[in-house]
Amino acid sequence: MKNHLYEYRKFVLGGIALVIVVSYIVRLAFLQLSDGEYKTRADNNAFFNNVIFPARGVIYDRNGELLVYNQPAYDIMVVMREIQNLDTLDFCHTLGITQAMFDQRMETIKDKNKNPGYSTYTQQLFMGQIPAEEFSIFQEKLFRFHGFYVRERTIRRYATDNCAHILGDVAEVSQKEVDNDDYYDPGDYIGKQGVERSYEPELRGIKGVEVLLRDARGRIQGHYRNGALDRKPIPGKNLTLSIDAKLQALGERLMEGKMGAIVAIEPKTGEILCMVSAPSYDPHRMEGKQRGAQMMEMQHDPMKPMLNRAISGTYPPGSTFKTSQGLTFLQEGIITSSTAYPCSRGFRFGGMKVGCHGHGAPLPLIPAIATSCNGYFCWGLYHMLSNRTKYPTIQEAMTTWKNYMVSMGFGYKLGVDLPGEARGMIPNSDYYDRRLGKWNALGVISIAIGQGEVTLTPLQIANLGATIANRGYYVTPHIVKDVEGGKLADSLLVKHKTKVDKQYYEMVVEGMRKAVLGGTCRSANTSMYEVCGKTGTAQNRGKDHSAFMGFAPKDNPKIAIAVYVENGGFGAHYGVPIGALMMEQYINGELSPGSEAKAAAFQSRHISYGTYER
Amino acid sequence: MEQGKGNKGIFLSIDWVTILLYVILIVWGWFSVCGACYDFNNPDLFAWETNSGKQIVWGGTSLVLAAVLMLIEKRFYDTAAYVIYGALMLLLAVTIVIAPDTKGSRSWLPIGPVKLQPAEFAKFAVALALGKLMDRYGFSIKKPKDIGTAIGLILLPMVLIICQKETGSALVYFAFFLMLYREGMTGSLLFSGFACVVYFVVGMKFADEPIANMPVSIGEFTVLLLAMLFSIGMVWVYCHNWKAVKIMAVACFGATLLAMLFSIYVIPFDVCYVMLGMCILLTGYIFGLALYTRIYKYALIGAFALLSTSFFYITDFMFDHLGDHQRVRIEVLLGMKDDPRGAGYNVNQAKIAIGSGGLTGKGFLNGTQTKLKYVPEQHTDFIFCTVGEEEGFVGSAGVLIVYLFFIWRLIALAERQPDTMGRVYGYCVLSVFLFHLFINVGMVLGLTPVIGIPLPFFSYGGSSLWGFTLLLFIFLRMDAERNLKKNYPP
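Chains as they are written, first to last, in our numbering: chain L, 1 to 614; chain Y, 1 to 490.
Incorrect hints may have been included.
[Claimed, not checked] What follows is a set of in silico ranges between Cβ atoms, one per label pair, in the way DEER data are often shown:
1. ILE247(Y) to GLU7(L): 45 to 55 Å
2. LEU359(Y) to PHE143(L): 49 to 59 Å
3. GLU7(L) to ALA80(Y): 22 to 32 Å
4. GLY222(L) to ILE401(Y): 31 to 41 Å
[What the hints assert, rightly or not] The following residues of chain L were derived to be distant from chain Y, with all beta-carbon distances above 12 Å:
5. SER34
6. ASP215
7. LYS543
[Claimed, not checked] Here are the simulated DSSO-like cross-link-like pairs (lysine-lysine), alpha carbons at most 30 Å apart as the crow flies:
8. LYS246(L) to LYS362(Y)
9. LYS192(L) to LYS114(L)
10. LYS39(L) to LYS362(Y)
11. LYS362(Y) to LYS207(L)
12. LYS145(Y) to LYS10(L)
13. LYS10(L) to LYS362(Y)
14. LYS207(L) to LYS232(L)
15. LYS268(L) to LYS495(L)
16. LYS268(L) to LYS289(L)
Read the hints as simulated data drawn from the structure, not as lab findings.
A virtual CB, placed ideally from N, CA and C, is assigned to each residue, including glycine.
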């Protein structure tokens with residue numbers, strides 16, 4: 001029987017169906033046609049990017065001697081739900097931990113706040129960076145510890161006891177580094193200091209990745225698209241340093257118990273042959289898990305062993321600076337080779353006095369360098385700055401002077417391939433205008449002898465030696481000789497010409513040769529090759545700093561060197577003999593027995609420094 | 001004359017449109033099961049060990065079942081309706097006792113290599129019994145005894161299925177009220193049910209969200225406002241008492257408006273206190289009208305108003321003050337699936353899976369969320385996620401549209417039945433499909449409570465596929481016989 005009374009209700013029911021379907025379609029549109037938020041969340045759900053770490057490049061010295069390498073280390077991983085019948089006592093004993101440490105570690109792993117990625121199905125880090133020797137005992141028993149796995153990592157090891165400042169170290173990235181560079185993820189390692197830091201992009205290589213599919217329980221179900229998106233890691237590039245490991249070792253020996261720096265450069269190439277900063281530290285202290293504690297200790301040491309004084313320390317160059325002054329005056333025509341200035345135990349003029357030691361006077365440039373006459377160079381600078389015919393104002397004279405200094409590599413960073421280089425200080429006319437208001441040549445005269453406002457880094461002093469050895473140019477000093485499968489930055493191979501002509505350099509070379517033959521550097525003289533040198537005795541608030549700058553042989557030089565010993569007294573006390581030993585070691589490849597004895601004597605000659613903050 | 005046509009005539013009368021839609025849904029469903037169950041280690045979609053392989057078997061046997069059903073005359077059902085009903089109720093009862101415990105539910109009967117769920121088959125028996133009952137001469141839905149019997153036929157299997165701990169499947173039997181509505185049951189009952197759903201969903205979802213700048217919960221505010229609106233509306237529709245409607249509307253909405261203005265411009269306070277007070281006054285007023293006019297409708301409306309007002313507070317109390325353990329028990333009782341990974345994990349993952357599909361989806365077998373089991377029960381209750389992820393908006397909206405046409409077609413078929421039994425049975429069938437679609441897709445989209453019932457023809461499983469085929473093809477055979485009515489003995 002047809003029921004016509006309520007037949008209209010078919011439209012109500014059909015309408016209900018319509019409303020349901022339409023509202024669901026609207027809901028679908030909201031979910032599926034809006035932004036990509038759900039897509040991203042789905043990818044985060046399903047894709048697990050398994051990062052494969054490349055081997056970090058190893059580091060050699062210029063003779064192919066291994067300095068830094070990687071050693072396998074092991075992370076012990078645990079899958080909680082696979083643990084069964086664990087003999088906790090045996091386990092703890094094997095790993096050398098206590099039951100309490102075991103319980104605490106397990107609690108930490110299970111704590112979702114401290115370990116947000118926790119799942120009972122996946123591997124969790126139980127203990128990290130176990131060195132191979134400790135690990136081998138564990139590995140023998142691994143089959144007994146169900147649920148425990150091993151993940152291979154590497155730790156950075158040092159094959160040398162030296163070069164700590166140069167090599168630097170690696171450690172876990174900081175949050176800031178993660179934020180600044182997309183390459184890094186928390187837990188990655190990064191070079192923190194030295195070459196490890198400045199060559200980080202070359203050394204680290206490129207991480208590989210496997211795009212894996214992960215199910216809701218965190219278990220891996222296979223490669224996404226059969227590995228089409230996977231990338232193999234590209235290993236880091238090996239570095240060859242320009243450092244001579246033997247020379248470096250001798251330098252560090254000689255600087256024991258002293259503060260200061262030694263920098264040696266191969267003049268023709270700008271390659272740094274050694275870079276000693278004293279006090280130094282044993283690079284092994286930066287290996288593995290202990291790094292943090294060791295860093296802490298050294299940072300609180302008043303002697304600041306972490307500071308690389310060779311590039312970060314700025315010192316008054318003292319008399320080594322006089323060579324640059326002679327060159328400037330010659331080029332500017334203030335003096336000629338025969339110009340002689342008086343020196344009556346110093347520079348005395350208009351109430352200004354700069355003392356000097358006893359030597360014949362008046363004297364021209366070459367003997368002035370050989371005897372390190374203060375008077376000569378003060379007069380030179382005085383005549384330059386006061387020359388109103390050549391320079392209309394003292395400011396212009398000062399600017400000219402400053403430009404010469406800058407062309408010799410002073411006042412700005414040289415651009416060495418290490419982090420933390422300081423620029424030193426070369427005053428200019430603006431500086432004096434601001435500081436002194438109205439000023440004249442007498443007021444700034446001490447800069448002529450490398451005192452006053454002038455400061456250089458030991459690297460800049462060594463570079464001055466290299467410039468003189470090259471008779472007028474230098475190549476940017478650099479510490480890496482070769483990047484395997486890559487090349488050095490162009491900026492490291494640039495030849496910088498100074499503003500002074502070669503002929504004037506020959507005069508300064510002659511003066512430095514005379515200093516060795518019969519002047520202040522007599523103790524550096526040797527019959528084996530012609531040494532050129534210049535001492536420096538820099539005044540400061542304590543005992544004078546002892547400095548030496550030189551190169552050898554005179555013709556076709558192989559090594560230019562700067563030695564700087566804080567509070568070492570006269571240049572001849574520490575600077576000259578240490579410089580002489582270093583040059584002998586490098587040029588001859590070894591020390592003669594007599595020199596060896598001398599080296600041993602210097603090694604044990606310690607300078608007593610106070611404990612005041614430096 | 002028409003007798004001569006015999007079965008050949010019936011063959012010509014079969015509604016091939018419905019069969020086409022049925023086949024489309026089954027094939028589409030199989031592809032979805034393939035996507036949901038794809039195993040990276042066993043890419044063979046046709047292997048017997050895989051769910052996709054098994055689903056082919058269920059689909060094939062369903063077609064055989066459909067063909068067999070087309071051979072069984074309507075007369076048989078007419079005669080045996082109560083017997084079938086009785087037998088299946090017995091089976092449901094026996095299942096409670098003999099079924100092994102499967103994840104807390106006692107609804108699966110192992111028969112040889114397969115497991116069957118009698119609850120999935122009982123629907124057609126209830127539909128047949130209802131058809132037979134309402135086809136009886138003199139049956140009137142207005143008579144309390146008749147409607148009582150009909151509701152009893154519906155409630156019996158519900159109770160038995162709840163005893164099997166399959167509350168979700170039991171709730172499906174509410175779908176038969178849609179049929180009762182078509183047959184003349186008062187719309188207020190249906191409306192009250194609708195109101196309950198709205199109160200529950202709105203109240204629970206927005207209970208803790210404040211209206212901008214006011215210390216008022218959106219959920220509470222909306223539920224109370226709707227309670228006023230519905231109660232006053234009912235007085236208007238069923239009692240035509242214009243005067244009372246005017247008084248009530250002005251008082252309730254006026255007071256609410258004043259309270260809101262006061263809250264915004266003078267001192268912010270919870271407007272809901274005022275609204276609650278007005279609702280209580282409103283309820284009292286309606287009961288007063290009932291006593292005064294002696295019209296029982298007022299009393300019913302008053303009861304509705306009272307329940308509406310208290311509904312939010314009762315559910316809120318249940319969820320806030322009973323403690324987690326009891327709350328979970330209530331959720332399970334209400335048929336809401338327990339949530340092993342914390343609040344909303346399942347629905348959230350389902351939304352991620354569907355949302356990541358975009359306009360055209362990731363392509364067949366390329367979905368990651370469903371395959372990697374981020375979505376729970378993705379091949380059964382959450383199958384619609386796979387459609388959403390792999391076929392995108394185009395595919396999932398397409399499925400819904402095919403379903404809409406399917407249901408509309410069944411309405412048309414039901415309306416063209418020559419007798420009450422055919423029509424009642426037809427409406428039962430389409431109501432069940434509509435209910436499943438509403439709950440299942442709504443749950444996946446996060447719009448309805450998570451009740452574990454399958455999406456017909458899509459969800460993996462033999463019992464549900466056979467059950468729906470049985471339900472549908474009995475009706476298609478009845479429909480095919482619509483022109484042969486004369487041949488029955490009177």
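Violated hints, by number in ascending order, as checked against the structure: Hints 1, 5, 6, 8, 13, 16 contradicted; others consistent.
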